[in-house]
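*Asks:* So the sequences go chain by chain: F and D. Just so we're aligned, residue 1 is where the first sequence starts under the working numbering, counting upward by one. Just so we're aligned, residue 1 is where the second sequence starts under the working numbering, counting upward by one.
If you are wondering where the hints come from, they were derived from the structure by calculation, not from laboratory data. Since we're looking at a predicted model, the values are computed, not measured.
Computed cross-link-like contacts, DSS-like style, restricted to lysine-lysine with a CA-CA straight-line distance of at most 30 Å:
1) F:K53 with F:K21
2) F:K53 with D:K70
3) D:K127 with F:K15
4) D:K127 with F:K53
5) F:K21 with D:K127
6) D:K70 with D:K127
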Amino acid sequence: MEPSPDLLNRLFDAKAQRRQKLAAMSFEEKIDALVRLQEMSASIARSRGVILKPWSRPMAIS
Amino acid sequence: MEATLRVLNNLERQGVIGRYGIGGAVGAIFYMEPFATFDLDVFVVFPGSGLLVTLEPLYAALRQMGYEAKDECVVIEGVPVQFLPAYNPLVEEALHEARDVMLGETPTRVLRAEHLAAIMLQTGRAKDRQRFQGFMEVANLDPTLFEAILRRHQLEARRQQWNLPPIS
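So that you can see chain F by itself, here it is in the shape it has in the complex:
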């Protein structure tokens, strides 16, 4: 059974909207998210024996 074009359109629209929402975050929130992404990447890389060092996260983001 294939997903309907309508469902696919809704999913792709939601994805595009999420990107717009993320792009509209403040610089502080984006750097915080970037460090979280680094931490995730570092944890995956560590399992392959690669050492990556995430930046520190000194700012308090509410």
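Given the coordinates of chain F, work out where chain D should sit on it, guided by the hints.
*Replies:* Only chain D this time, still in chain F's reference frame:
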């Protein structure tokens, strides 16, 4: 990262570097959704730059502050920073027109979205092309400004090569 920016601001204040601006992936993240990157690319004008630009005085100043250069990168307060001297008229213009922004309590500068996109086009690596497409979808470029930059720096042919229509 604020601590890193404070070091950059001090270097600029002390005249070790001239005007600086954040470019590369972190510059792009200012305008688009965050993605993982581990380097901070900083474009720099060097004071009194002659024909031959050397990073040695900057590296020496950083060394005195306890930050060692390794593989063309200096880890400043935990962030690997790559200093890129303004290497052509497009980058010089981008630095001149970079936006003053704040990160937390710390002032810094980020290249304008239109210049970042033009630099991606000009640099032209596979990763620039990939990032360019996502960037153009969400970065809300000023079409007039972007088109003028492309004309001024002869980048329209590259855009055609990448099969990208003018933005409207």
